[in-house]
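Given the coordinates of chain A, assemble chains B and C onto it according to the supplied hints.
Protein chains in written order, with the numbering used here: chain A, 316 to 466; chain B, 99 to 469; chain C, 16 to 407.
I should point out that these hints are in silico values taken from the structure, not numbers from a laboratory.
Ranges between beta-carbon positions, derived for each pair: (1) C:Tyr320 x A:Thr435: 32 to 40 Å; (2) A:Glu347 x B:Lys285: 15 to 23 Å; (3) B:Gly116 x C:Ile87: 20 to 28 Å; (4) B:Asn270 x C:Tyr320: 37 to 45 Å; (5) A:Glu401 x B:Thr277: 51 to 59 Å; (6) C:Pro390 x A:Leu320: 16 to 24 Å; (7) B:Leu253 x C:Pro292: 51 to 59 Å.
Idealized CB from N, CA, C, for every residue including glycine.
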Amino acid sequence: MKQFLKTIFLVDLLQGLWVTFRNQKPSLIYTEQYPKERPSVAERYRGAPRLNVHPDTDETLCIACNLCALACPEELIVVTAERNEETRRKELTMFTYDTSRCMFCGLCEDACPVDALELTQDFELASYTREGAVWDRQMLEEGPLPTEYKH
Amino acid sequence: MATHTTFLDTNELVLNMGPQHPSTHGVLRVILKLDGERVLGTECVIGYLHRGVEKIAENRTYQQFAPYVDRMDYVAAVSNGLGYCLAAEVLGGIEVPERAQCVRVILTELNRIASHLLWLGTHALDIGAMTPVFYCFREREEVLKIFEKYCGARLTTHSFRIGGLQYETYDNFEKDCHTFCDWFEKKVDEYEELLTTNRIWVGRTKGVGILDAEACKAYGVTGPVLRAAGVEWDLRKAQPYCGYEKYDFDIPTCENGDTYDRYLVRMAEFRQSARIIRQAVDSLPSGPIKGKVSKVFKPPIGEAYVSIEAPKGELGYYIVSDGSVQPYRLRVRPPSFVNLQALDEMCRGALIADVVAIIGTIDIVLGEVDR
Amino acid sequence: MEEILNNPYVFPVIATMLIIALFPLVAGYIVLAERKVLADFQVRLGPMRVGPYGFLQPLADAVKLLLKEDIIPAAADSWIFWGAPVLSTFTALTAFAVMPFSDRFYVADVNIGILFILAMSSIGILGLILGGWSSNSKYSLLGALRSAAQMVSYEVPLGFAVVTALMVAETLSMQGIVQTQYDKGIWIAFSNYGLMLVPTALFVIAGVAETNRAPFDLPEAESEIVAGFHTEYSGFRFALYFLAEYASIFVLCGVAVTVFFGGWLRPFANVGFLEVPLNVIFPILLFLLIGGGCGIGTMRVSLAYEKGIMAVLTLGMLLVAALFAIPAVNVLIIGFFWFLFKVLILVYMFIWIRGTFPRFRYDQLMDVGWRYLIPISMGSLIVNGVVLLLTS
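Just chain A, with the same shape it has in the complex:
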């Protein structure tokens, strides 16, 4: 009997209507209006790669051990170094990172023993050319510069 009355008076349909109605509160709106509001990404976010430099001396922290290039599944890191005769150490000359093939897996970041290579929180990596996605040492140290939107 109760079921019959519920069917006649469309109780299940009204229940559904009430669910959508109460979700209309403006405080529940979940949209982030990108690019006006940039999302706040987590600290460990695996985004754009960056070659860190020593904060005081501005020298690169990379010791050119090539571990990141060996760890990468896509083999997109190319590290060239030359031996410095005075300090008898390898010094980094060129570092190429192909972001177009990178899958941001973080294996290179995990492999680096000195925390020189780091995947930062930048996620806006678009470029107008194919070649622009291959980053050299300077771009890796500066980081991508996303467009500032005025509105």
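The following block gives chains B and C in isolation, referenced to the frame of chain A:
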């Protein structure tokens, strides 16, 4: 007497639900043979998303291959990683510490919730209800935020490593999980209020796409589809892995094996997953997060097959090692691929509008079907 | 000048021209309102970029549809392909001729107004069938036939519900029906000891099905295999079909409001002491509130032209609120205000229903129409008739 036949006179019509279609959950091509509105038979054409993942595995080291595994079932990437790491660990004889196992369970269950949320949203959208998809994605956002805070990526997480975990849990991990479970259970109540008793929803899903237990076992269908047919088979209870035997949870089953029952089973699985997460978070032991693994992982010659209960069914990894750093052969048993075989049987006698509902209810992800 | 104004054709012609000129704009804004209201239900924002809070979106849509390439299938029958959307739009807009927007603002008060509107909506179905047929694509034809069968089936309970109301109203003229509700002092929806609520509900449900809206929109569902009769239409022709659909929604809601909910009368039209609160204070407060909201919006938007538009809107709303305060103007526009208010509430309910429910499968749709709605509507007709007879 010459008869003039038009397309309306012919009894059978072949219709192509092409690879580009809003309801085929990816690039799936279904060729339907229709008699008026009734489906006489279907044929699935797959392979549009084949990327040669298993072949790639033969050319990467075990650690290097782990990120590729996420891309198969891209909706629920964490389970893929779990299956692969377990298989590699069995092959290499590595023991995973308890803390790592517990965190693995938490993330896998969160991942199950995320996968079922996406299923619910898209299934409801296929049937015509356009609001649950937004609610489900809002909940999914919260899960993805937890993943992002833990391992740095939302979808292709690469969260587990062979031997354990790479990252220690972040500071508010337990609090986040508890907040999420509390908030989420209220949302499940909301979905049930919106859909479960709704006469239109019941009318569209009850009695549609019936797959009984015998047929399920014959096709090798696993996961919620099997459980909705009445078979109480869940690998987490039948062949426990990763410490699942420590947690107390039920396996929801239903009797009829139709679309409505699969819906009920997955809704119940939401609640069970939340239960497991709470227990795991409360009992999180301290300790190391990675077992003893050498930097260069060279398992001995042999083979291993490990299967886990992924959100979509039984996900199995079969790895053959020839003693080198790269696997000799890696074969994935994807649940969606095996479940998709049952599409033909489920669609016989249904109307065209039901085909869309049935494809949605099997819960396929083409990344997994095609690899 | 006096003679020209007193000429009986002047006002109707002006009203007609206003309707034809304004309706595309109104239809566009109903589409925008649908998108924003649906977005509200779906915890998101809807269009926000074109104009302040997406307010100029209909302009962008109109420009886009006009500039799109006009594709005509090679095998299509081009005259009928051209004529089908025109037919749909024509019938939908013609029904506006008898809509009683207010006690003095209408095009014509035909003494068979209701019959005219029902006839126009029936002819509108022909536009759908011709559209599907002329596309010369089997899927368009199937979709068009299904759509037409659905609309024809749901015309029956619609008609029965209206006839039940006509038994109470005792006249077919639209203005006459509103006048009857004024004389009886109660809206037809609540009269006859509440028994008329059943035809009201039936009318709304059949109306949703009649206009091919969710949950009865399988023929034009987006996740189905075909897009129905308008698969092959693009550009401006598609815009015409769209316009026809929203015009018919407006007409249907207008008919529901006129027949069941008192038309342009205010609630409790006969109760004297509510005259000032409802006719004066309520509209003024409403427009002040909307103006206040627009004012807050003016401060929140960032671009200069957006600020300008929002400022103009704010001033406009405040001006309208001021207009309602002048008794002479109030009498002229209050009828129109109440009519639009009620129609917009009903349109909101249509959008609410669309956002909540999944859609029926085609056989279930016809099931609901033939096995449930028609018997219930016939039953309500008999019951209401008997009760009216016994109590008159």
